[in-house]
Amino acid sequence: MQLSEIQQETLRGARGPGAQKAMEILKAYGACYEAARMVPVTSVHMAGNFPVLMDEGVEWLEDLSRNGTRVTVYTTKNPEMYDPEQAEELLIPTYYQVRQKRIYEALKALGVTLTYSCHHYLVGNVPRFGDHIAWASSGSQVFANSVIGARSNRDGDHVALAAAIVGAIPEWGLHLTENRKAEMVIDVGGLDLARYDPADYKALGWHVGKIIGARIPAFINIPPDIHIEGVKGLLYTLTVTGATGLVHLVGITPEAPTLEAAFKGKAPADVDVVVAQNDVDAAYREISSASEKRLDMVIFGCPQCSIQEIQEIAALLDGKKVHAGTQLWICTSRWVKILCERMGLLDVLQSAGARVVADVGAADGPHLYLKEQGVRVIGMNSARGSYYAHNLFGMDTWFGSTEECVRSAIAGQWRGKER
Amino acid sequence: MIIKAKPVTRGVAQGEAIVSRMAISFTGGMDPDTGIIREPGHELEGKSVAGKILVFPAGKGSTTGSWQFYAAFKRGNAPLGIINVKAEGVVAVSAIITGVPMVHEPERDPFQYIETGDLVKIDADEGLIEIVK
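Line by line, the protein sequences are chains A and B.
Taking the working numbering, the leading residue of the first sequence gets 1, the next gets one more, and so forth.
Taking the working numbering, the leading residue of the second sequence gets 1, the next gets one more, and so forth.
Because the hints were derived from the structure by calculation, they are not lab data.
The beta carbon of each residue, even a glycine, is placed where N, CA and C say it ideally should be.
There may be inaccurate statements among the hints.
Here are a few chain A residues that face chain B, going by a calculated C-beta distance under 10 angstroms [said to hold, decoys possible]: (1) E229; (2) V231; (3) Y387.
With a straight-line Cα cutoff of 20 angstroms, these simulated PhoX-like cross-link-like pairs (lysine-lysine) come out [what the hints assert, rightly or not]: (4) B:K86 / A:K181; (5) A:K371 / A:K293; (6) A:K210 / B:K121; (7) A:K21 / B:K74; (8) A:K417 / A:K293; (9) B:K133 / B:K121; (10) B:K4 / B:K74; (11) B:K121 / B:K4.
Isolated chain B (complex conformation):
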């Protein structure tokens, strides 16, 4: 299945999806040394987003998040690609400075079609999400 979306950055990424219906703060919410979500009570608490296609509604929290994302990226612990319902500024610039493929505003509700563990491909050059399964 293919869902059209708007590109935030360029490039192609394919990997295992990790899905959260909750917003994510990169400062405080994600450990740059492991990629593990550490916000207490978060749907993904204790789970790593490193090397995955991270699907979540939007960013939240501190605007310093792009520094923490950059450090996570340089340490090999950032997600491979990002799908957002609506790109919030901090997440968008995190993808821009690291070049992580990212799309937003998918034409269909990603939470209806993508589950954690699915094999998902983001083509940010074409603005496409492919659910390979």
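For reference, chain A alone in the conformation it holds in the complex:
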């Protein structure tokens, strides 16, 4: 891989040991994929909080941040594990507070913008069409490629952070136009998509993700007026059961106004996968891992709830009460929480017994201490969140629509439809 003079100096240690380490990672990464050169990045997003970093990861980050290592590109950060403004109230153990504080100090020293959000493209990190970016967080990475048309590979956090420090990334994979072609056709025209809820799109994504693996699919017959929450639901779930970095939603993805455009030339005559409603129903059953109906908790926000999702939850809860034996949490960014307060939604939600927590997401952060506090059976409207809550933390999960989740939180029992 060809390196610029500055990059070669960085590799020799001229910009300090942190930048040197970052350059070493990128050089090895570029060599693995036979990248010809590095391309400048305009935006970086990194993930990772204590439950996934563990003590060893915190130390790695602290080591990197010593000696004045700084990011040189606008870099935002995914959610942390607890809302610092509710730490006392939520009985967050000192052990975790100390570790989140250490991560905070390291990231601040590195110059990372501390958004603590996984909907960073809604709160200030918006690349443009064709931009080269490095977004870790597999869901938002596929969103950037497929909805915005910016170019990011499925970079792990260490690569994203290295790119933020060096300001460039090896040019391979989805950074190159010829690698952005669709590789298979998924026809969803047989489903009644006009009546699809975002949760239905998540179940659809769960099923299709298992089939596509790392290939780039082109979806045909997605309604052009699909709500953005449906798009997010589909894309974010595809990267849980699969590993694709780009999805062509024909008629929606900027690079795919037509199937021909998705294939950058001639579209194949045959469809590879035709999805039936049975497949989606089976995915619903597979996503839920619980058998006990009594609910300890309903948790929303994987990815963090947008203001539109919270408006829906508030409307469903208005004048009602969450069951005394069940907690209801809404995880979002600090920005959206402030907006909730301004719009009176916070009052509605709090009167109903719901809690809005900022700076966290419902996939990983809170489950570590929630489990220690006795939470075991949880209801979620996120297939992605259900996967991580179950597999990372051993939670028993029920998966359903927002409406089913709210209804269940009020009943204190899972009240989802039989599918």
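Dock chain B against chain A, hints included.
Same frame as chain A, but now just chain B:
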């Protein structure tokens, strides 16, 4: 038998192979405290990859996987070496930051020649997989 492959990292590792035809997610899919694959329904569910030569098609799932792999490595529960059909970014950087020998794009289908329990050597300096048996 020797199969040529492309190096991802450097170094040599020899050990017992553990083979899966299914993709692996290090976040959620592998317990860093034991190296046990814990994804329900996974071909290797309940089996440990610690100290083994792990052969699988590619990574999948969360991009935070490299943190979990790093923690597993520091706790002595990472595989000794990795053979992938195609290195996915998260697996590649996991090997890069830990220095675990890793190769990908083998010239022959590894699933045809390597079975769980085989003694396998990865020479990532030379880009070679040797099946010692």
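Y387 of chain A was flagged as interface toward chain B. Is the shortest Cβ-Cβ separation under 10 angstroms? holds (6 angstroms)
Under the criterion that the straight-line Cα-Cα distance not exceed 20 angstroms, is the pair K21 of chain A, K74 of chain B satisfied? Status holds; Cα separation ~18 angstroms.
Hey, K4 of chain B versus K74 of chain B, does the alpha-carbon distance stay inside 20 angstroms? violated (29 angstroms)
Minimum Cβ distance from V231 of chain A to chain B below 10 angstroms? violated (20 angstroms)
Pairwise hint evaluation, K4 of chain B against K121 of chain B, where the allowed Cα distance is 20 angstroms at most: holds (12 angstroms)
E229 of chain A as chain B interface residue, shortest Cβ-Cβ below 10 angstroms: With a closest approach of 21 angstroms, the E229 of chain A hint is violated.
Holds or violated: K417 of chain A with K293 of chain A, Cα cutoff 20 angstroms? holds (12 angstroms)
Would you check the hint for K371 of chain A and K293 of chain A, treating anything up to 20 angstroms between C-alpha atoms as holding? holds (17 angstroms)
Holds or violated: K133 of chain B to K121 of chain B, with C-alpha atoms at most 20 angstroms apart: Cα-Cα ~10 angstroms, so holds.
Holds or violated: K210 of chain A with K121 of chain B, Cα cutoff 20 angstroms? With Cα atoms ~31 angstroms apart, K210 of chain A and K121 of chain B exceed 20 angstroms; violated.
Is K86 of chain B within 20 angstroms of K181 of chain A, Cα to Cα? At roughly 18 angstroms apart (the allowed maximum being 20 angstroms), K181 of chain A and K86 of chain B satisfy the hint.
Of the numbered hints stated above, those contradicted by the structure are hints 1, 2, 6, 10, listed in ascending order.
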